[in-house]
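K.L.:
So you can see what is in the structure, the chains are spelled out below.
Protein chains: 2
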Amino acid sequence: MPSISKRGVEVPLSPFRKLVPIADRVKAEGKHVYHLNIGQPDIETPAAAMAKVKETDLKILAYSAAAGNASYRAKLVEYYARFGAEVTADQVIVTTGASEAIQFLFMACMDHGDEMVVPEPFYANYNGFAHIADINVVPVTCALEDGFSLPDAKAFEAVITPKTKAIFITNPNNPTGCFYPEKALKELAQVVKKYDLYLFVDEVYREFCYDGQDFFSVLRLEEIENNVVVIDSVSKRYSACGARVGAMVTRNEELIEAVVKYAKLRLSPPGLGQILAEGALEMDDSYMNEVKEEYDRRRNVVFERLQKMEGVISYLPGGAFYCFAEFPVENADHFCQWLLEKFEHKGATVMLSPGEGFYATPGLGVNQVRIAYVLNPTDLHAAMDCLEEALKVYPGRIKVGQLAAGTAVI
Amino acid sequence: MPSISKRGVEVPLSPFRKLVPIADRVKAEGKHVYHLNIGQPDIETPAAAMAKVKETDLKILAYSAAAGNASYRAKLVEYYARFGAEVTADQVIVTTGASEAIQFLFMACMDHGDEMVVPEPFYANYNGFAHIADINVVPVTCALEDGFSLPDAKAFEAVITPKTKAIFITNPNNPTGCFYPEKALKELAQVVKKYDLYLFVDEVYREFCYDGQDFFSVLRLEEIENNVVVIDSVSKRYSACGARVGAMVTRNEELIEAVVKYAKLRLSPPGLGQILAEGALEMDDSYMNEVKEEYDRRRNVVFERLQKMEGVISYLPGGAFYCFAEFPVENADHFCQWLLEKFEHKGATVMLSPGEGFYATPGLGVNQVRIAYVLNPTDLHAAMDCLEEALKVYPGRIKVGQLAAGTAVI
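Chains F and W supply the protein sequences, listed in that same order. Letter by letter, the first sequence follows residues 1 to 410 in the numbering used here. Letter by letter, the second sequence follows residues 1 to 410 in the numbering used here.
For the record, the hints were derived by calculation from the structure and aren't laboratory data. Hints should not be assumed to be uniformly reliable.
Note that identical chains are pooled: a pair holds if it fits in a single copy or bridges any two copies.
As the list claims (entries may be wrong) - Derived DSS-like pairs (lysine-lysine); straight-line CA-CA distance at most 30 Å:
1) K59 - K346
2) K342 - K264
3) K346 - K27
4) K264 - K54
5) K264 - K163
6) K186 - K308
7) K193 - K292
8) K6 - K193
9) K59 - K292
10) K308 - K194
11) K264 - K31
12) K75 - K54
13) K18 - K264
14) K54 - K342
15) K27 - K59
16) K75 - K18
17) K292 - K154
Please model the entire structure based on the sequences and the hints provided.
P.N.:
Written out as structure tokens, the structure reads:
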């Protein structure tokens, strides 16, 4: 029997995936599980966008252009302009989800052994994509104490080496929900300019910025137009994760040329998903406004409930639909597994993502979790009830006196 | 401005892609171009399958399981059973087109610098996928004189080294249209077994076997169950290239495990495309029978017309919808470009794929072309009229006396 490749054995999996079979098992046994572990919202995909697919008179579902349908790219240009980002259709490449955009960029911008600086905690699958591209992720650590805000220029400069080719950030952030304001991005831009690095920014959560904060796209940054690349996706924006439609945007013509080569190899992005995505861009603001208000409500539920749990340290996240929290436990990985297997409150439990897997630095995040507020407020409250009770009775709870109740920062 | 990676510069493009801008230009100038260069059929996607998408009552287009929807995988199992291939749903992973299946396999089975043996000419994008995976393609040359039939065991053994991890074939073949019978596959299986290699077989054209020949899936080969992997796609079968739904099938549990890790990284295959693909599997045989008959008609048109062209050497292909031909020209690449730019017959010309790009061995295929018979017989005849006239007047035509009229082999 032929063997699996070394890399096939080593490819790093998302940290919470290993809990999935356990969750499946306890669900089969009758326990209800509130899923706050994944970025799969319970919000409906806009009916108007689905209708575009249902109304299509397409007779042949042919390959689209490798860079995506021209009509969709044109509408994306208008969409980005709403955020003050002036780009042309040639500067937009449609991809199979943000995942593919990331893989294209890693390959087109970096060679084997090159380094990319990423603030941690970060979306754990970046590790897998870096593994595929055979590049190294170099972390810059953010602190829960200040709501995981973007580290300053010095922190980035401290880890930049001659092998560093790119900085990769997510704004608003997954997994922390941190919103990066214009000022912080402009400070980062100076580092990018000084070392002439690529700046990849995953902006898939741009629609979800709270407290009246205006989203600032890095496409608006001046003097580093050829360094900036935006990664995009319709998955979260329109609750259309299964459409598998993303994009990358850059003014760097050479990079577009290189990425288009990779795009041509895989022939085309999904055709039906592109029709849906184009339909979504034709809607007025009402869908997105309602969704944003709904997430804002959920955000407040999670924040307020965490605040009241003894020993839990968290903050009010400024964007996306995630928040990170420190729990009064020695090992959050163990706690999350215990939650699924051993705990039950009113016939239910809650599934969270252990924090450690979102860090590249060993030992960090071991007592932290990511909470995705992707359920409606009623379910969220029920999930928080579970969590509150669980933390009271968890055998591995740390009972040291100095733990204060949840601290609001930002 | 940051630079493109070395690999991003070097990634090998499909050989005919460079002709696309020229074709676009002459079309914009008013010339009609018959596209016999691409595997994009003009056949309609089955309306019954499209209807499944239109009738869906899905409210949230969520991520599907990373390995694909359970209901679709179950139907694929029934589909493969029609070809005598007994597999379980766990042995089927749904991918984003065959392209993604190939990439997953290259990574899961081979490490940097490993070798894979491929009969040439082969689908040119395999070079690009091999480049991404950083593995080496080692060709075994097939001959036009015997219709590009599968080389014998000796030919394969001659190029196998300790670095060889896999043999990759396409049956029926793209770009040659050659059909590999059971006997040839069983001979190859002995080589696979002897050296304990992976055997990847791209079976996306399995429905298109002519002259009453029965398709033999390598999933039916005994003694090498853990070596065999089948690559599949709905693109050609249902003329649904834009669905981006493929699959890989293997009984090797370790390989399934490794591939699922890569599948999880990119979250899920396209959701709408999977609904369409599942719908297509619920149809009776009439659609596929009609399509096959139509391709058979086209095959005969191309073969008969090529036969009558002086100096053209070809053969009757046994499967798929391609054929390769040798032209009385010094350089087919130049000829194909000249066809587009300088030639016109009744306001039209024809676009073909130069053969050289389908070979890994330098210097081979320079006077050959691939013809994809993806147009209806009327258009095909018009395209053949163009080709016939063009070959008469092409300035680079070889006028040596020994060139005979098209020779039928097989």
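K.L.:
Look at each hint and say if it fits the structure.
P.N.:
The hints, checked one at a time:
no.: 1; hint: K59 - K346; result: between (52 Å within a copy, 28 Å between copies)
no.: 2; hint: K342 - K264; result: between (50 Å within a copy, 27 Å between copies)
no.: 3; hint: K346 - K27; result: within (14 Å within a copy, 68 Å between copies)
no.: 4; hint: K264 - K54; result: both (28 Å within a copy, 29 Å between copies)
no.: 5; hint: K264 - K163; result: both (28 Å within a copy, 29 Å between copies)
no.: 6; hint: K186 - K308; result: neither (36 Å within a copy, 69 Å between copies)
no.: 7; hint: K193 - K292; result: neither (34 Å within a copy, 58 Å between copies)
no.: 8; hint: K6 - K193; result: between (37 Å within a copy, 22 Å between copies)
no.: 9; hint: K59 - K292; result: between (36 Å within a copy, 18 Å between copies)
no.: 10; hint: K308 - K194; result: neither (45 Å within a copy, 66 Å between copies)
no.: 11; hint: K264 - K31; result: between (46 Å within a copy, 25 Å between copies)
no.: 12; hint: K75 - K54; result: both (20 Å within a copy, 23 Å between copies)
no.: 13; hint: K18 - K264; result: between (34 Å within a copy, 11 Å between copies)
no.: 14; hint: K54 - K342; result: neither (45 Å within a copy, 44 Å between copies)
no.: 15; hint: K27 - K59; result: between (42 Å within a copy, 23 Å between copies)
no.: 16; hint: K75 - K18; result: between (39 Å within a copy, 27 Å between copies)
no.: 17; hint: K292 - K154; result: neither (34 Å within a copy, 65 Å between copies)
Consistency note: the structure conflicts with the earlier hints numbered 6, 7, 10, 14 and 17.
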